[in-house]
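Asker: Sequence:
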Amino acid sequence: MALSEEQLMQKLQQVPVFTITNAEGAPLVASVPNGQGNTGNSSVTGVFISQQDAQAFIEKLKTQNPQLANTVRVTPVPLGEVYRMAEANQANSERVIFDLVPMQRQVDSALTLLREEGQQVNQFPGVPLFYASGGPDQGYLTIQRGNEQVIPFFFNKEDLMSLIERYKQQQPNQQLSNVEIEVANLQQVIEVMKTSNDQQLDKIILVPARESLDYVRSLQQSGQQQPARPPQR
Numbered sequence: 024m025a026l027s028e029e030q031l032m033q034k035l036q037q038v039p040v041f042t043i044t045n046a047e048g049a050p051l052v053a054s055v056p057n058g059q060g061n062t063g064n065s066s067v068t069g070v071f072i073s074q075q076d077a078q079a080f081i082e083k084l085k086t087q088n089p090q091l092a093n094t095v096r097v098t099p100v101p102l103g104e105v106y107r108m109a110e111a112n113q114a115n116s117e118r119v120i121f122d123l124v125p126m127q128r129q130v131d132s133a134l135t136l137l138r139e140e141g142q143q144v145n146q147f148p149g150v151p152l153f154y155a156s157g158g159p160d161q162g163y164l165t166i167q168r169g170n171e172q173v174i175p176f177f178f179n180k181e182d183l184m185s186l187i188e189r190y191k192q193q194q195p196n197q198q199l200s201n202v203e204i205e206v207a208n209l210q211q212v213i214e215v216m217k218t219s220n221d222q223q224l225d226k227i228i229l230v231p232a233r234e235s236l237d238y239v240r241s242l243q244q245s246g247q248q249q250p251a252r253p254p255q256r
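In our numbering, the protein residues as written are 24 to 256.
In short, the hints are calculated from the structure, not lab data. Each hint should be verified, as a subset may be incorrect.
In silico DSS-like links for lysine-lysine, alpha-carbon gap of 27 Å or less [unchecked claim]:
(1) Lys226 with Lys34
(2) Lys226 with Lys83
(3) Lys226 with Lys191
Quick list of the computed label-pair ranges, beta carbon to beta carbon [claimed, not checked]:
(4) Gly48 with Lys191: 36 to 46 Å
(5) Ser54 with Gln167: 19 to 29 Å
(6) Gln167 with Gln30: 19 to 29 Å
(7) Asn88 with Asp221: 45 to 55 Å
(8) Ile81 with Asp160: 41 to 51 Å
(9) Asp237 with Val215: 26 to 36 Å
Keep in mind that this is a model prediction, so the values were computed, not measured. The C-beta atom is built at its ideal place from N, Cα and C for all residues, glycine as well.
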């Protein structure tokens, strides 16, 4: 069966993403022109997959608007909360658009993979997720987590490659020479988990980049983590 909303939220809650927030904890919202011949503007808030990219945004902002830059900071928030706010915003004519900002290095890796498969692509839509397939039936590469087998989808290709190397060392007798790294789009994966009855998809877990987890742990240890508030209009 397809995942329930609660089950999907549980998966997304495990992924920290990063917003730029003001002193009150509300995300920084920009007004941008509507495209495709539409008049007016849309309100957009950036949601960064990488804490380092979010911090780089603030550093750039310091050169463009130092006064504003001095009042904002990087705030981690679970991807599930972003998803919940975006879904709640759908019916609002003045809704805030949550723009997920992928890591450019991972976008480049995704494009390279697709080109190696013979696809002619210049852009990758959205946030890339990397997973592995292999074995006689070219099934998903799984790992043991507790008492269950899960299918890891990584935000960072290098983390997946490290897993494959460890897997080969721990199970040298397994036929892993034909393991292939593949790429998917985060939004498509979410939609498939919401709608598909393939029980295999229930086993998917989203694995954040190691640097994201390390940053959030450092905040928790220092007692600095505060959740972001919904955007104010």
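Asker: Each of the hints needs a verdict: does it hold here or not?
Answerer: Checked hints:
1. Lys226 with Lys34: holds, 10 Å
2. Lys226 with Lys83: violated, 40 Å
3. Lys226 with Lys191: Measuring from Cα to Cα gives roughly 22 Å; hence the hint holds.
4. Gly48 with Lys191: 36 to 46 Å: holds, 45 Å
5. Ser54 with Gln167: 19 to 29 Å: violated, 48 Å
6. Gln167 with Gln30: 19 to 29 Å: Holds: the Cβ-Cβ distance is about 20 Å, inside 19 to 29 Å.
7. Asn88 with Asp221: 45 to 55 Å: holds, 48 Å
8. Ile81 with Asp160: 41 to 51 Å: holds, 47 Å
9. Asp237 with Val215: 26 to 36 Å: holds, 29 Å
Consistency note: the structure conflicts with the earlier hints numbered 2, 5.
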